[in-house]
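Fit chain B to the supplied structure of chain A, relying on the hints for placement.
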Amino acid sequence: MFGDYSLGDLGSIFVMQGFAGLILFSVYVLMALGLAIIFGQMGVINMAHGEFMILGAYVTWMTSSFFQSYLPSLFSGYFFLAMILAFVASGALGMLVEWVLIRHLYRRPLDTLLATWGLSLILQQAYRSVFGAREVGVELPQWMLGSLHVSDSIEVPINGVFVMCLTVLITVGVAYVMYKSRWGRQVRAVVQNRIMAGAVGINTEKVDRYTYGLGCGIAGVAGSAFTMIGSTGPTSGQLYIVDTFLVVVFGGAASLLGTIASAFSISQTQSTLEFFMSGSMAKVLTLLAVVGILMLRPQGLFALKVRK
Amino acid sequence: MSDEANKGLLSPLRRKLLMGMAAVPAITMLPRASFAQAPATSAVNTTGLAVTDTEVTVGILHSATGTMAISETGSIEAEKLAIEQINAMGGVLGRKIKFIQEDGASDWPTFAEKAKKLLVNDKVAAIMGCWTSASRKAVLPVMEQYNGMLYYPTFYEGLEQSKNVIYTGQEATQQILAGLNWIAKEKGAKSFFFIGSDYIWPRTSNKIARKHVENVLKGKVVGEEYYPLGNTQFNSVINKIKLTKPDVIFTDVVGGSNVAFYKQLKAAGIDLSKQALLTISVTEDEIDGIGGENIAGAYACMKYFQSLDNPNNKTFVPAFKKMWGEKTVIGDVTQAAYLGPWLWKLTVEKAGSFDVDKIAAASPGVEFKGAPEGYVRIHENHHLWSKTRVGRAKLDGQFELIFETADLVEPDPFPKGYQ
Chain A
27 MFGDYSLGDL GSIFVMQGFA GLILFSVYVL MALGLAIIFG QMGVINMAHG
77 EFMILGAYVT WMTSSFFQSY LPSLFSGYFF LAMILAFVAS GALGMLVEWV
127 LIRHLYRRPL DTLLATWGLS LILQQAYRSV FGAREVGVEL PQWMLGSLHV
177 SDSIEVPING VFVMCLTVLI TVGVAYVMYK SRWGRQVRAV VQNRIMAGAV
227 GINTEKVDRY TYGLGCGIAG VAGSAFTMIG STGPTSGQLY IVDTFLVVVF
277 GGAASLLGTI ASAFSISQTQ STLEFFMSGS MAKVLTLLAV VGILMLRPQG
327 LFALKVRK
Chain B
683 MSDEANKGLL SPLRRKLLMG MAAVPAITML PRASFAQAPA TSAVNTTGLA
733 VTDTEVTVGI LHSATGTMAI SETGSIEAEK LAIEQINAMG GVLGRKIKFI
783 QEDGASDWPT FAEKAKKLLV NDKVAAIMGC WTSASRKAVL PVMEQYNGML
833 YYPTFYEGLE QSKNVIYTGQ EATQQILAGL NWIAKEKGAK SFFFIGSDYI
883 WPRTSNKIAR KHVENVLKGK VVGEEYYPLG NTQFNSVINK IKLTKPDVIF
933 TDVVGGSNVA FYKQLKAAGI DLSKQALLTI SVTEDEIDGI GGENIAGAYA
983 CMKYFQSLDN PNNKTFVPAF KKMWGEKTVI GDVTQAAYLG PWLWKLTVEK
1033 AGSFDVDKIA AASPGVEFKG APEGYVRIHE NHHLWSKTRV GRAKLDGQFE
1083 LIFETADLVE PDPFPKGYQ
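Sequence order for the protein chains is A and B.
Quick note: the first sequence uses my numbering, first residue 27, plus one each step.
Quick note: the second sequence uses my numbering, first residue 683, plus one each step.
Just chain A, same shape as in the assembly (with noise of 0.2 Å):
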């Protein structure tokens, strides 16, 4: 297939391809954070993570068409902002629903899973109800489209980079607070053993709200930037859904590091085979792969050792 084309365009259609693999990366990352926290440290099923995502996109649109309305002078940077706003909306609502629902079922952890799942077409329909059926359309500031110039045939979507720089600051920003704060060690704790957590004095009940809320702020927060590279309506958040639990269960589920692992490993297959084949049997073969790997691995690429 690449006896048609010349050096220099098989070069840079290299660049341009692990590129794409670098953006897909950091997409999966970002989606799969919040559902690290919440799944992985926390233990709860929580399917209604993409409503959460979503959640985010929504208020990114409703700060937009605010900008847009009463200070379009500030439109440029409205994007900082609205992403502030979606962490914490998102964030408020994870705890709200982890006050009202999730701490009820700690104990019965796959139960979380039907009701998660039942919140989440709650609200789907909730934002049905709220904002129409139709999908909105986010618009960008103009600095945030295009790409950037390199050479004639290397070409850097500058949403991509923007989605790379995010990834990195929020992954840095929550390995530090759960491995370097005093919180991320009660969070550990809680984790690890909730009886003797709680008998050392942890305020369990406030560290699992707090974290499940964190968990959603940066759902929330992915949302937001989201609204690059996809769409915002009721359903949207169900297209993320079964990647981020892949990345999650794959990478192995209490460990960060192995999220981050897992998501390069499978971005990096999807988006190589993707250029040799049609998207949809790159995606079959991803599967099967994961599926594989599991098989062998069921703890997942990285397991925490844990005394049973």
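No wet-lab data here; the hints were simulated from the structure.
Only a predicted model underlies this, so the values are computations on that prediction, with no experimental measurement involved.
Treat each hint with caution, since some may be false.
As the list claims (entries may be wrong) - Each pair of labels, with its calculated beta carbon distance range:
#1 A:133 to B:927: 56 to 64 Å
#2 B:729 to A:151: 33 to 41 Å
#3 A:322 to B:843: 31 to 39 Å
#4 A:302 to B:896: 55 to 63 Å
#5 B:843 to A:302: 37 to 45 Å
#6 A:126 to B:896: 55 to 63 Å
Stated by the list, open to error - Keeping only pairs whose Cα atoms sit at most 20 Å apart, straight-line, the calculated DMTMM-like set for lysine to aspartate or glutamate is:
#7 B:1009 to A:178
#8 B:1076 to B:1086
#9 B:922 to A:178
#10 B:1051 to B:953
#11 B:956 to A:178
#12 A:309 to B:880
#13 B:805 to B:735
As the list claims (entries may be wrong) - From chain A, some residues computed to sit far from chain B (all C-beta separations above 10 Å):
#14 39
#15 96
#16 100
#17 132
#18 140
#19 192
#20 197
#21 198
#22 225
#23 227
#24 229
#25 231
#26 283
#27 317
#28 319
#29 328
Using N, Cα and C, we set each Cβ at its ideal position, and we do this for glycine too.
Relative to the frame of chain A, chain B by itself:
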């Protein structure tokens, strides 16, 4: 054996005779029972449909919830508008149309179940409904078993024809071929790259398009790619497009994927004012989500655009906006859905009856001169004769009409040489 066969032969005759006798008292009662010029119910409804002296019930069957609600909302709105307008004009055979709306919930078995409910319990005279091919295929056996009448609005892959369905959207050859011819002539296009969502409609459409490109236009298909429904990452295929440098990108990507595709195309620096792109799946409805700035310059090939400049459309668009809000947009399928109730009304009046068999028989040749797309006529194969048009997407999310076929294009659901 022969006795039974005889009985089988005789009984329809006997039934007809009996019915004729039963009709006599009905006819003598006619002056008393009927209002104005409305014909008696017993005369226009011999199969027990939900028709009274003042009302006739039809069903609306679309997804108001679930994934497909995005697309089907417009169809529901258009059908309700048509019904309201018909009622304001005095209804059908002197009877107001009442509708029962059921929700298919984006779930195909639910569509079949609700269709059965509408036909068996509610005895509706016709159903305006379905959107995806999958939902139509689920409903079709029900329509045929209980002898219902379905008005189906979506452009679709063809390869189907039923006595019980009127297809008000275009079938694949009708939609695609004129567009390909135009772009080949206008842009001198020789090489094509196909991208579609992975299900029956894009695959069938691309198959037809490929045959046409290779056999008729003598061009070349340099790539044919399918992505799962809902896919949000198109960077790899965009790279392939950059590598193969096709004259035309031909797309039938649907749903949320569309938004991702055009946003990423733009982000990758592919300028649609220089790179020709012909889509058969993006209407004004989809552009709402994609954003005009991401798709401006692309060509779409279908039969209706909101911006069409004809007297019918100039009254239709304001009426639609008045009923459903200033910001709503009207895409190809929405317009086709609007045709459904009108075509049904015209057919009923032509047949002088609500009976499904009579409507099915009377349908060919029914013409609707008030169609927003201009003029349509029902073909013997229950599809519509219609013009095919090419529009160019503008920044404001509307299409600018670039080309339309001089004559109506004949629907050809089973195209020879394209299968």
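Practice item. Note whether the CB distance of residue 302 of chain A and residue 896 of chain B lies within 55 to 63 Å or breaks it. Key: violated, 24 Å
Review point. Keeping to a limit of 20 Å between CA atoms, is the pair of residue 805 of chain B and residue 735 of chain B held or broken?
Key: holds, 15 Å
**Study point:** Check on residue 319 of chain A being off the interface with chain B, judged by Cβ distance over 10 Å
**Key:** holds, 21 Å
**Study point:** Non-interface claim for residue 39 of chain A versus chain B (Cβ beyond 10 Å)
**Key:** violated, 5 Å
Check your understanding: Taking C-beta pairs only, is residue 100 of chain A more than 10 Å away from all of chain B?
Key -> With a cut-off of 10 Å, residue 100 of chain A remains clear of chain B, as the shortest Cβ separation is near 19 Å.
**Study point:** Distance rule for residue 283 of chain A, whose beta carbon must clear each one in chain B by more than 10 Å
**Key:** holds, 23 Å
Exercise for review: With 10 Å as the threshold, tell me whether residue 140 of chain A passes as away from chain B on beta-carbon distances.
Suggested key: Consistent with the label, residue 140 of chain A stays out of reach of chain B, its closest Cβ about 19 Å off (over 10 Å).
Review point. Is the Cβ of residue 198 of chain A more than 10 Å away from each Cβ in chain B?
Key: holds, 24 Å
Check your understanding: Given the hint that residue 956 of chain B pairs with residue 178 of chain A, does the C-alpha gap stay at or below 20 Å?
Key -> It holds: about 15 Å lies between the C-alpha atoms, which stays within 20 Å.
Practice item. Please work out if residue 1009 of chain B and residue 178 of chain A have their alpha carbons no farther apart than 20 Å. Key: violated, 41 Å
**Study point:** 20 Å Cα cutoff - pair residue 1076 of chain B, residue 1086 of chain B
**Key:** Holds, at roughly 18 Å.
Point to revise | C-beta pair residue 126 of chain A, residue 896 of chain B: status relative to the range 55 to 63 Å that was hinted | key: Holds - the Cβ-Cβ distance for residue 126 of chain A and residue 896 of chain B, about 60 Å, lies within 55 to 63 Å.
Of the hints listed earlier, those the structure fails to meet are numbers 3, 4, 7, 10, 14, in rising order.
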